[in-house]
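Visitor: Sequence:
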Amino acid sequence: MTSRYLEVITSAPKKSSSLSVILKDAGRNLADFMVFFDFDNTITSFDVLDGVIEKFSINRDWVAYEEAWKKGKIGSRQCLGGQLRSIRVTRQALCEYLSGIGIDPYFKRLLELLRAGGINPVILSDSFSFMIDFILKNHGIAGVKIYSNKFRFYKNRLIPSFPYTNNLCSHCAHCKTSTLSNESFKNRKVIYAGDGLSDVCPACHADVVFAKNKCSLLKHFTDTGRECMAFTDLGDMYNYFRSMRDTSKAACL
Numbered sequence: 001m002t003s004r005y006l007e008v009i010t011s012a013p014k015k016s017s018s019l020s021v022i023l024k025d026a027g028r029n030l031a032d033f034m035v036f037f038d039f040d041n042t043i044t045s046f047d048v049l050d051g052v053i054e055k056f057s058i059n060r061d062w063v064a065y066e067e068a069w070k071k072g073k074i075g076s077r078q079c080l081g082g083q084l085r086s087i088r089v090t091r092q093a094l095c096e097y098l099s100g101i102g103i104d105p106y107f108k109r110l111l112e113l114l115r116a117g118g119i120n121p122v123i124l125s126d127s128f129s130f131m132i133d134f135i136l137k138n139h140g141i142a143g144v145k146i147y148s149n150k151f152r153f154y155k156n157r158l159i160p161s162f163p164y165t166n167n168l169c170s171h172c173a174h175c176k177t178s179t180l181s182n183e184s185f186k187n188r189k190v191i192y193a194g195d196g197l198s199d200v201c202p203a204c205h206a207d208v209v210f211a212k213n214k215c216s217l218l219k220h221f222t223d224t225g226r227e228c229m230a231f232t233d234l235g236d237m238y239n240y241f242r243s244m245r246d247t248s249k250a251a252c253l
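Going by our numbering, the final residue of the sequence shown carries number 253, and the count climbs one at a time with no gaps.
A hint or two may mislead.
[Stated by the list, open to error] Below, computed lysine-lysine pairings styled on DSS-like, alpha-carbon distance capped at 30 Å:
id	residue 1	residue 2
1	K186	K137
2	K55	K145
3	K214	K71
4	K214	K137
5	K73	K214
6	K155	K108
7	K150	K73
8	K219	K55
9	K55	K214
10	K55	K73
11	K219	K71
12	K55	K155
13	K108	K73
14	K155	K137
15	K189	K155
16	K71	K186
17	K145	K70
18	K155	K214
19	K55	K189
20	K155	K186
21	K155	K219
22	K189	K108
23	K186	K145
[Stated by the list, open to error] FRET-style restraints, in silico, Cβ to Cβ:
id	residue 1	residue 2	range
24	R88	R245	46 to 52 Å
25	T90	V63	20 to 26 Å
26	K71	I141	16 to 22 Å
27	K71	R245	30 to 36 Å
Because the hints were derived from the structure by calculation, they are not lab data.
Ideal placement from N, C-alpha and C gives every residue a C-beta, glycine not left out.
Model the full assembly from the supplied sequences, consistent with the hints where possible.
Guide: Encoded structure:
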């Protein structure tokens with residue numbers, strides 16, 4: 001990712017806060033926060049979209065698109081459009097594959113804790129809603145708002161569409177920062193959890209950032225001297241919110 005790109009995506013960023021700072025506001029309720037999750041390699045243990053592309057592509061053309069995207073030569077919309085052209089898979093075969101995808105074992109507990117505190121988390125993904133929704137439902141999870149790219153089946157082809165692009169920025173197929181800045185989410189502290197390059201921009205506009213260990217988002221925050229909290233799995237986030245809840249309760253005694 002080039003420095004010029006970073007200058008664009010981090011315009012008017014927020015300064016993320018540490019756990020100790022956020023907990024000093026003892027009177028704050030969980031409902032004063034909004035929580036956004038990336039999906040691939042954040043709620044799941046690996047990049048599901050990459051797995052689908054590799055498994056069901058009829059050639060290796062997807063590799064060139066991936067390398068061009070990583071080097072910043074193309075945006076993810078162009079990358080994904082090119083990669084999906086090589087995929088041949090039926091709905092049944094894709095669903096069979098997705099049925100074997102696991103999620104972080106702490107996600108359900110974390111979701112229950114957040115909902116009990118008045119937070120309805122949102123998933124922001126540069127992947128595709130069909131896959132995300134299928135995986136969540138397969139694990140008995142419903143009611144989570146998902147903003148992502150879409151595709152439709154045409155015989156054994158996947159035809160993508162990108163409803164959340166930003167014409168001012170060509171890097172991401174789904175501009176997560178635009179979605180995060182939606183009017184309905186304003187006036188609440190933003191907590192963001194992610195791992196990869198598509199998470200850098202929205203994370204820079206969050207108040208608190210969780211960045212997965214050994215991944216691009218954490219490297220960016222480390223390299224640029226921005227504060228975030230590294231996490232290994234969502235158990236770390238669960239403990240964070242449980243501490244917030246317990247601190248808030250203690251302040252009311």
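Visitor: For each hint, tell me whether it holds in the structure or not.
Guide: Okay, the hints, checked on the actual structure:
1. Distance restraint check for K186 and K137: the Cα-Cα separation of roughly 29 Å lies within the 30 Å cut-off, and the hinted pair is therefore satisfied.
2. The suggested pairing of K55 with K145 holds, with an alpha-carbon distance near 28 Å, which does not exceed 30 Å.
3. At roughly 19 Å between alpha-carbon atoms, K214 and K71 fall within 30 Å of each other, so this suggested pair holds.
4. Distance restraint check for K214 and K137: the Cα-Cα separation of roughly 29 Å lies within the 30 Å cut-off, and the hinted pair is therefore satisfied.
5. At most 30 Å may separate the alpha-carbon atoms for a hinted pair to count; K73 and K214 meet this at roughly 24 Å.
6. This hinted pair does not check out: K155 and K108 have alpha carbons roughly 35 Å apart, beyond 30 Å.
7. Straight-line distance between C-alpha atoms of K150 and K73 comes to about 23 Å, which keeps the hinted pair within the 30 Å bound.
8. Of the pairs offered as hints, the one joining K219 and K55 holds, with about 28 Å between alpha carbons and a cut-off of 30 Å not exceeded.
9. Restraint check: the Cα-Cα separation between K55 and K214 comes to about 24 Å, which is no more than 30 Å; the hinted pair holds.
10. Restraint check: the Cα-Cα separation between K55 and K73 comes to about 25 Å, which is no more than 30 Å; the hinted pair holds.
11. Taking the CA atoms of K219 and K71, the gap is about 16 Å. The hint holds against a cut of 30 Å.
12. Under the criterion of a C-alpha separation no larger than 30 Å, the hint pairing K55 with K155 is consistent with the structure, at around 18 Å.
13. Straight-line distance between C-alpha atoms of K108 and K73 comes to about 38 Å, which puts the hinted pair past the 30 Å bound.
14. As the CA atoms of K155 and K137 are separated by approximately 24 Å, the hinted pair is consistent with the 30 Å bound.
15. For the given pair, K189 sits about 44 Å from K155 by alpha-carbon distance, which is inconsistent with the 30 Å threshold.
16. For the suggested pair K71 and K186, the alpha carbons sit about 33 Å apart, so the restraint of at most 30 Å is broken.
17. Straight-line distance between C-alpha atoms of K145 and K70 comes to about 28 Å, which keeps the hinted pair within the 30 Å bound.
18. At roughly 39 Å between alpha-carbon atoms, K155 and K214 are farther apart than 30 Å, so this suggested pair is violated.
19. Using a Cα cut-off of 30 Å, the hinted pair K55 and K189 is violated, with the two alpha carbons roughly 39 Å apart.
20. Pair hint K155 plus K186 does not hold up; C-alpha atoms about 42 Å apart against a cutoff of 30 Å.
21. Straight-line distance between C-alpha atoms of K155 and K219 comes to about 41 Å, which puts the hinted pair past the 30 Å bound.
22. For the given pair, K189 sits about 22 Å from K108 by alpha-carbon distance, which is consistent with the 30 Å threshold.
23. A distance of roughly 16 Å separates the Cα atoms of K186 and K145; the hinted pair therefore holds under the 30 Å criterion.
24. For R88 and R245, the Cβ-Cβ distance of about 48 Å falls inside the hinted range of 46 to 52 Å, so the restraint holds.
25. Between T90 and V63 the C-beta distance comes to about 24 Å, which sits within the given range of 20 to 26 Å.
26. Range check, K71 to I141: about 36 Å between beta-carbon atoms, so the 16 to 22 Å window is missed.
27. A hinted range of 30 to 36 Å is violated for the C-beta pair K71 and R245, which are about 43 Å apart.
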